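Model the full assembly from the supplied sequences, consistent with the hints where possible.
These are the residues of each chain, in order.
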Amino acid sequence: MAMATTFQPFLTRNFGEPLALDVRWCLERGAYEGARKALAMPPKAVIEEVKLSGLRGRGGAGFPCGMKWSFVPQDTGKPVYVVCNADESEPGTFKDRALIDRDPHQLLAGIIIACWAVQAHTAFIYIRGEMVHGHAVLEKAVADAERAGVLGDTVLGAAFPLRVLLMRGAGAYICGEETGLLTSLEGNRGYPRLKPPFPAVVGAFGCPTVVNNVETLGNLPHIMVNGARWHASMGTEKSPGAKVFSLSGHVKRPGNYEVPLGTPLMDLLDGPGGGVGGTGRLKAVIPGGSSAPILTAEDCKTAKLDYESIAQHGSMLGSGAVIVLDDSVCMVDAIWNLMRFYHHESGGQCTPCREGTGWVEKTVARIEHGRGRMRDLDVLLETCDNMQGKTICVLADAAAMPLRSYLKKFRAEFEAHITQGKCPFG
Amino acid sequence: MPFELSERSRAEIESLIARYPTKKSCLLLALRVVERQQGWVSLDGMALVAAMLGLSPAEVYGVVTFYPHYKREVHGKYRLMVCGTLTCALLGMKRLVRHIEERLGVACGGARTADGLFSLEKVECIAACGGAPAIQINDQYHENVTPQKLDDLIAACRREHAAGGGPPMPPGPVRDEPARVAHFLPALGLGRVAPVGV
Ligand SMILES: Cc1cc2nc3c(=O)[nH]c(=O)nc-3n(C[C@H](O)[C@H](O)[C@H](O)COP(=O)(O)O)c2cc1C
Ligand code: SF4
Ligand code: FES
Numbered sequence: 001m002a003m004a005t006t007f008q009p010f011l012t013r014n015f016g017e018p019l020a021l022d023v024r025w026c027l028e029r030g031a032y033e034g035a036r037k038a039l040a041m042p043p044k045a046v047i048e049e050v051k052l053s054g055l056r057g058r059g060g061a062g063f064p065c066g067m068k069w070s071f072v073p074q075d076t077g078k079p080v081y082v083v084c085n086a087d088e089s090e091p092g093t094f095k096d097r098a099l100i101d102r103d104p105h106q107l108l109a110g111i112i113i114a115c116w117a118v119q120a121h122t123a124f125i126y127i128r129g130e131m132v133h134g135h136a137v138l139e140k141a142v143a144d145a146e147r148a149g150v151l152g153d154t155v156l157g158a159a160f161p162l163r164v165l166l167m168r169g170a171g172a173y174i175c176g177e178e179t180g181l182l183t184s185l186e187g188n189r190g191y192p193r194l195k196p197p198f199p200a201v202v203g204a205f206g207c208p209t210v211v212n213n214v215e216t217l218g219n220l221p222h223i224m225v226n227g228a229r230w231h232a233s234m235g236t237e238k239s240p241g242a243k244v245f246s247l248s249g250h251v252k253r254p255g256n257y258e259v260p261l262g263t264p265l266m267d268l269l270d271g272p273g274g275g276v277g278g279t280g281r282l283k284a285v286i287p288g289g290s291s292a293p294i295l296t297a298e299d300c301k302t303a304k305l306d307y308e309s310i311a312q313h314g315s316m317l318g319s320g321a322v323i324v325l326d327d328s329v330c331m332v333d334a335i336w337n338l339m340r341f342y343h344h345e346s347g348g349q350c351t352p353c354r355e356g357t358g359w360v361e362k363t364v365a366r367i368e369h370g371r372g373r374m375r376d377l378d379v380l381l382e383t384c385d386n387m388q389g390k391t392i393c394v395l396a397d398a399a400a401m402p403l404r405s406y407l408k409k410f411r412a413e414f415e416a417h418i419t420q421g422k423c424p425f426g
Numbered sequence: 001m002p003f004e005l006s007e008r009s010r011a012e013i014e015s016l017i018a019r020y021p022t023k024k025s026c027l028l029l030a031l032r033v034v035e036r037q038q039g040w041v042s043l044d045g046m047a048l049v050a051a052m053l054g055l056s057p058a059e060v061y062g063v064v065t066f067y068p069h070y071k072r073e074v075h076g077k078y079r080l081m082v083c084g085t086l087t088c089a090l091l092g093m094k095r096l097v098r099h100i101e102e103r104l105g106v107a108c109g110g111a112r113t114a115d116g117l118f119s120l121e122k123v124e125c126i127a128a129c130g131g132a133p134a135i136q137i138n139d140q141y142h143e144n145v146t147p148q149k150l151d152d153l154i155a156a157c158r159r160e161h162a163a164g165g166g167p168p169m170p171p172g173p174v175r176d177e178p179a180r181v182a183h184f185l186p187a188l189g190l191g192r193v194a195p196v197g198v
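Going down the list, the protein sequences come from chains G and L. Position one of the first sequence corresponds to residue 1 (the numbering used here), numbered consecutively onward. Position one of the second sequence corresponds to residue 1 (the numbering used here), numbered consecutively onward.
Since the hints were derived computationally from the structure, they do not count as laboratory data. In this text the structure is predicted, and so the values were computed from the model without any measurement. Each residue gets a CB set at the ideal place from its N, CA and C atoms; glycine is no exception. One or more of the hints may lead you astray.
Derived list of chain L stretches under chain G, where covered just means 3 residues or more per stretch with a C-beta under 8 Å from a C-beta of chain G [as the list claims (entries may be wrong)]:
1) 28-42
2) 68-74
3) 85-92
4) 99-112
5) 134-142
6) 162-171
Keeping only pairs whose Cα atoms sit at most 30 Å apart, straight-line, the calculated DSS-like set for lysine-lysine is [claimed, not checked]:
7) 23/L - 78/G
8) 94/L - 252/G
9) 51/G - 37/G
10) 140/G - 94/L
These stretches of chain G come out as covered by chain L in the derived footprint (C-beta under 8 Å, 3 or more residues) [what the hints assert, rightly or not]:
11) 123-134
12) 170-183
In structure tokens:
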């Protein structure tokens, strides 16, 4: 716990400060100093600094940010775009919404740094359609920044024109997947595209494009101000830095908490989270959004909140959405809820995903209602086999992975539903 | 009377066209302009946007129907969107939905109330799980919702409506919609395919 007491939150430091919406206040407080510093460096040096910091993408995949930027070709003669992924729709995740609503200038500063690094003169923020308030906050922040000379024909006095354009989604989870997002940004139904080519090479409007999550971009001003070493000194060797975790479910104090990566899961839950809520007895935790495989209470004892530790426990850190389940929860009911989600959100382009998510949803529903057969459990696993790695995007995998884990770790509960002919939890 | 874009809406769409890389990339935002003026997105509104962006009405219709968040004719003036995903489900959403159904006398995912004021539907996680159970009424989020809080919210909507406020009222299901949709399809070369219900 020594780490937790000395750690100074930086991403969320303005969360209690209404003045953070005021560009003047932000400028006085140095919110744009990191951007200023970056603009005084050669773009390549900025990429190197971010590489050195070890910053990994916070949208779910954890891909090294600086490395992604270095894939952007500079010799295509086409414009380069930066797209901020603010579609936040992975169940359990609510950090990006807070980062936008409460500190929009931190995000804009990060966008300036990313744009300078890859030499993009247009950035898009794709925000999910439901977040009407966040969109209004960003609209104001961008307009204020333009008036204050932070964005526009010159950026903070540098001869680097930069426009930030907003785009609003309209309620489709699949538009959070980066290629679905780009297709949507171009004015289409949000159908993901095959990779490669990766967006860094062929992205928005056929041009090289960097897609980064809100929180990833929010880290950049702090890295530029405090240096790569400062960032790398927090967290663990392979998962440096800090992260905002969205804690929800059966926990006494749900909310967004920023802690260094590598913090023991139970420290988050028992510390800021105030302990297990509901019945007070922990059954399981989803550590990284609904597509992350489940951890049992036993797993939680040793799991740490970093990419490697969670992977060693058979799951993934994903978006950092930690959902806590107490022992009153029926695991069949829980996975049914999630399979319904993935079926509903399947974009429908690929048969294994469109049909697979539907089949597993129906089969799990049947088991939950006491009409399942033992053979269904194998059929579910076979269906998972046929869904994983066989589709355009990984939504099908995102559905199959948790299902597999619930079947493995809570198989007895599935069997009890079948043998008793009803849900044992009533 | 068919829907016409106001001067303001037209100007707003023109300004999008001037700023965004392609006309088509303005589509999602142009539909929001229609939604704000009209209170929902009608087929007429889609056709007008299509004309301004140089797209076929069928293409616009295809986009609108892909994205469930656009407000359509069928929704109530106050559209209640309750989150049914895991965290909200764990924290009592089912009970809450039953409560609203009883209060309003309509089923979740079904028709709107007879006076057109309310419609109720289940949506997926709205990024408010820290305040579960969460619901959205039109543009507004409401977190840590209880039956009491819901009654107050519904009463506030009724008061706003009685005072002549709030967004325009969608007309409810338009009876001849399938036939009208059929007019959109030839532009996609799908003229021979009769939509269900015609
Ligand atoms: C089905 C699916 C949904 C996703 N949803 C989101 C999302 O809502 N927000 C997000 O930032 N990334 C989301 N991602 C990850 C993005 O594809 C992409 O990896 C990310 O935006 C890259 O940014 P980062 O490197 O900064 O994390 C999703 C991925 C998949 C497969
Ligand atoms: S895997 Fe599913 S969501 Fe992804 S492209 Fe295929 S059908 Fe669409
Ligand atoms: S699960 Fe309901 S808001 Fe996320």
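Now the hints, each set against the structure:
no.: 1; hint: 28-42; in the structure: holds (count 4)
no.: 2; hint: 68-74; in the structure: holds (count 3)
no.: 3; hint: 85-92; in the structure: holds (count 6)
no.: 4; hint: 99-112; in the structure: violated (count 0)
no.: 5; hint: 134-142; in the structure: holds (count 4)
no.: 6; hint: 162-171; in the structure: violated (count 0)
no.: 7; hint: 23/L - 78/G; in the structure: holds, 18 Å
no.: 8; hint: 94/L - 252/G; in the structure: holds, 21 Å
no.: 9; hint: 51/G - 37/G; in the structure: holds, 16 Å
no.: 10; hint: 140/G - 94/L; in the structure: violated, 37 Å
no.: 11; hint: 123-134; in the structure: holds (count 6)
no.: 12; hint: 170-183; in the structure: holds (count 4)
Hint check: violations occur at hints 4, 6, 10; the rest are consistent with the structure.
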